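From first to last, the protein sequence lines are chains D and B.
Letter by letter, the first sequence follows residues 1 to 102 in my numbering.
Letter by letter, the second sequence follows residues 1 to 175 in my numbering.
Keep in mind the hints are simulated off the structure, nothing from the lab.
Just so we're clear, the structure is a prediction, and the values are computed from it rather than from any experiment.
Keep in mind that a hint or two might mislead.
DSS-like, lysine-lysine: derived pairs with alpha carbons at most 27 Å apart [as the list claims (entries may be wrong)]:
1) D/Lys-84 - B/Lys-127
2) D/Lys-90 - B/Lys-78
3) D/Lys-90 - B/Lys-161
4) B/Lys-161 - D/Lys-84
5) B/Lys-85 - D/Lys-84
6) B/Lys-91 - B/Lys-78
7) D/Lys-90 - B/Lys-85
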Amino acid sequence: MNQVTLEISLALAGVLFIIGLIGVMVRRNIIFMLMSIEIMLNASGLAFVAAGSKWMQADGQVMFIFILTMAAAEVSVGLALILKIYSRFKTLDADSLNRMKG
Amino acid sequence: MQLGFYIPAVIAIISSILVITRVNAVHALLYLIVSLFSVAVVFFTLGSPFAAALEIIIYAGAIMVLFIFAVMLLNLGKEADVEEKRLLNFKLWIGPGILSLILLIQLFVILLSNNTSGIESQIITPKEVGISLFHKYLLGVELSGLLLMSGIVGAFYLGEKKKKSRHRFFQGENK
Numbered sequence: 001m002n003q004v005t006l007e008i009s010l011a012l013a014g015v016l017f018i019i020g021l022i023g024v025m026v027r028r029n030i031i032f033m034l035m036s037i038e039i040m041l042n043a044s045g046l047a048f049v050a051a052g053s054k055w056m057q058a059d060g061q062v063m064f065i066f067i068l069t070m071a072a073a074e075v076s077v078g079l080a081l082i083l084k085i086y087s088r089f090k091t092l093d094a095d096s097l098n099r100m101k102g
Numbered sequence: 001m002q003l004g005f006y007i008p009a010v011i012a013i014i015s016s017i018l019v020i021t022r023v024n025a026v027h028a029l030l031y032l033i034v035s036l037f038s039v040a041v042v043f044f045t046l047g048s049p050f051a052a053a054l055e056i057i058i059y060a061g062a063i064m065v066l067f068i069f070a071v072m073l074l075n076l077g078k079e080a081d082v083e084e085k086r087l088l089n090f091k092l093w094i095g096p097g098i099l100s101l102i103l104l105i106q107l108f109v110i111l112l113s114n115n116t117s118g119i120e121s122q123i124i125t126p127k128e129v130g131i132s133l134f135h136k137y138l139l140g141v142e143l144s145g146l147l148l149m150s151g152i153v154g155a156f157y158l159g160e161k162k163k164k165s166r167h168r169f170f171q172g173e174n175k
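Excised from the complex, chain B in its bound form (with noise of 0.2 Å):
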């Protein structure tokens, strides 16, 4: 159990870490799906086999591939890398990461201030996740429901393209 644990704990933290300093998108991508798929192995370990396959099907699976699609019809070339590497430069990552850094060492206080015992390994089952979603949940299911229809309302709003009005009376009007 520790080393299930651990190793896909790594491997999460140094996928994500190469997820921001790459600077071509795909390599990115790719590198964000290996941590997802480490932080789904992390998910089974702590005893949650539903959210796992649900973190790979649609975090790594739909997701992902929602964000590849964008890359390509981004349609971004080899002039893309060199204006990213010029962007990136190493004085940038000093404030922000110093400050991020003692948010980060104020929570391992915190974390590390009380001692509680470990984790059981006791499985929680698909089916005691389905009664609480619905039962317990069903209002949130609903907003979760509307959430992504409005989801699909402004996607396709934002996704459509102009119509060019053909009358010169009209050619003003969609500029």
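One chain only, chain D, in its complex shape (with noise of 0.2 Å):
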């Protein structure tokens, strides 16, 4: 029977976590760089399912918990800082904040 490999699997990871990390580097909206960073994040649970899988232990999913948990707690105060430079500079642009005039 025709399996699906590891190697594919780490190759998706790796295909979604390159997309994400262009999406880091090219954006400048911050709300867009924060979903890049989610893909990413994403992209490491993927590689730590799929080898937990292969050698059919739950310390893989046990690992996903944990990615998934700081995913979490990172979106919640990022998307509060965003919403803090918001009111305070009225845009997105990340090059327009390079000064952090407190």
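Grab the two chains, each in its own frame, and use the hints to assemble them into the complex.
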């Protein structure tokens, strides 16, 4: 039986991670940068789950749960920061925020 | 098993590319939800139904709702789209794209240089995950609880409105 290999799953995780990385580097809107970081975290979780099901261990999914927790905490703080930045500078352009004038 | 893996994989890649190329934030969020759903199907095919359920409940359910509410609170209009289109010129994509593609090709070469057998289609039940989570990784659970707590406190502190002081004596302090 022809099965899905670990390499294919890790390749998918790598492709998604690279897409997120390009998004973080290219976009200048902070919301889109945060979304690209979400894509990257999701891809790393996919790598963990794929490795966990390769060796038939539950540890991969446990690591995925930790990544999920981290993503939730990161998004809540990040979105609060975005709202604060928008109410102060009236823009979401990351380049215009290079002077953090208190 | 094969088609159940490859179709959602292709959908995930396409919708992720669409996420980072959209101009409107809400459109990008909807494509991101499609991407998360297809990754959940990939988890399901890999024999991890618990991870698939968590992906849908927490990522697509909770985190995306948070994103959508933040975008709604920002109240971006048509002019934001025009501004975003101006920022998104093609020349910016060349440098990061090429460098990241080199990294990706290197990863592919490493992955394809050793052949291993396929993933067994054995399901890892939520029970095993729970036993592992609360025995081997108990310290990790407590630490992630600490992380969530600090996230809540940080979000509350950042989201709080500065109080306006009525007395003229304190007027200068809150600027």
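Which numbered hints does this structure break? 1
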